[in-house]
Amino acid sequence: MKHKVLGIVLGVEGAACVLFGILQTSFSSGFTAAMAFPFEQLGLLLRMLSLSGGAGNAAALLIYGAAALLPLLILFILSRKRELQREDGLLALLSVVLFPVLYFMTNPGMIGSLFGGALGGSGGAGLAVGKAVLGGTVYSLVCGYFVLRLLRLCFESSTVRLQHYMMVLLSLLTVVFVYLIFGASFRELLHSLADLKAGNNGNEHLLGVSYAFLALQFAVNALPYIFDVLVAFAALRLLEDMGADRYSAESVEGADRLARLCGTALAATVLSSIAFNLLQLLFAQKLLVISSSVQIPVFSLAFVLAVLLVARFMEENKGLKDDNDMFI
Numbered sequence: 639m640k641h642k643v644l645g646i647v648l649g650v651e652g653a654a655c656v657l658f659g660i661l662q663t664s665f666s667s668g669f670t671a672a673m674a675f676p677f678e679q680l681g682l683l684l685r686m687l688s689l690s691g692g693a694g695n696a697a698a699l700l701i702y703g704a705a706a707l708l709p710l711l712i713l714f715i716l717s718r719k720r721e722l723q724r725e726d727g728l729l730a731l732l733s734v735v736l737f738p739v740l741y742f743m744t745n746p747g748m749i750g751s752l753f754g755g756a757l758g759g760s761g762g763a764g765l766a767v768g769k770a771v772l773g774g775t776v777y778s779l780v781c782g783y784f785v786l787r788l789l790r791l792c793f794e795s796s797t798v799r800l801q802h803y804m805m806v807l808l809s810l811l812t813v814v815f816v817y818l819i820f821g822a823s824f825r826e827l828l829h830s831l832a833d834l835k836a837g838n839n840g841n842e843h844l845l846g847v848s849y850a851f852l853a854l855q856f857a858v859n860a861l862p863y864i865f866d867v868l869v870a871f872a873a874l875r876l877l878e879d880m881g882a883d884r885y886s887a888e889s890v891e892g893a894d895r896l897a898r899l900c901g902t903a904l905a906a907t908v909l910s911s912i913a914f915n916l917l918q919l920l921f922a923q924k925l926l927v928i929s930s931s932v933q934i935p936v937f938s939l940a941f942v943l944a945v946l947l948v949a950r951f952m953e954e955n956k957g958l959k960d961d962n963d964m965f966i
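Counting with the working numbering, you get residues 639 to 966 for the letters of the sequence shown.
Among the hints, a few may not be true.
[As the list claims (entries may be wrong)] Label-pair restraints from in silico Cβ distances:
| no. | residue 1 | residue 2 | range |
| --- | --- | --- | --- |
| 1 | L947 | L657 | 36 to 44 Å |
| 2 | C781 | N839 | 41 to 49 Å |
| 3 | P738 | A913 | 14 to 22 Å |
| 4 | L661 | F737 | 23 to 31 Å |
Since the hints were made in silico from the structure, they are not lab data. Ideal Cβ placement from N, Cα and C applies to all residues, glycine included.
Assemble the whole structure, with the sequences as input and the hints as a guide.
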């Protein structure tokens, strides 16, 4: 995927995540949990059709069956193109799981009976958790299939193909990072703002500093993932240079730039957290809400350190090759 196209995709994803977060805040009944999307909305559509009359009920049944059987259709198409592997069985299992998931999304009042007393009731937060569990089950199967499929392709591929799959994986990781910025982190910001406002009715004129610090906390939490996106794009450019000549000057320079960017990302992540905590301490008397937790972006740090390690290995390999060429 070209960098410009990937950038457009990430921009659309970011806008969609922001829109979903706003809709979830404004229309909580139809957007209860991110993990339930789009199954929750499809369930609302099916319920609306089924209650509209005979023709609508028939259309709802048709859409319900088509959506649940879609993975089996994909499995059939794959069987015509290549030999099926063991991980392809997850597509059949996905169809089996989609039938009850879509049924419960269409009839959300029955979700409480499915989980017993684990949700603490069939409404409100309990219903949102139930929908998230149902949607998360589907997403776990989808992600599991792609991970196992990618693992098989990596083991069976040449170095050139493996490099291509690495570029695909990095592109997918940027999608995850953008979701963590504009999906998870932004949604947490909206909820924090709403909770702060709801808990301080009549004192809205005192909330300005607290609002500013909640926004600042969002920026601090999102900063590691912003750097992750930049690191991923730099790694993609490096892989393109390596595809032409892994020992070229451009590849070595790209590895050096990537290593320096990783160092900057790690330093900025640590320093931003320290600065936020110090500022919060200085303005503690003016704040109506204080973050009592220390955010440690382990996933982000592990990703940056892994890329930094690969970049260092490339620089050392280039040095060894130059030494061998001089010896010869």
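Status of each hint after checking the structure:
Take L947 and L657: their Cβ atoms lie about 37 Å apart, and the range 36 to 44 Å holds. At roughly 42 Å, the beta-carbon separation of C781 and N839 lies within the given 41 to 49 Å, and the hint holds. For P738 and A913, the hinted distance range of 14 to 22 Å is not satisfied, since their beta carbons lie about 49 Å from each other. Between L661 and F737 the Cβ separation comes to about 27 Å, which falls inside the hinted range of 23 to 31 Å.
Taken one by one, the earlier hints fail for this structure only at number 3.
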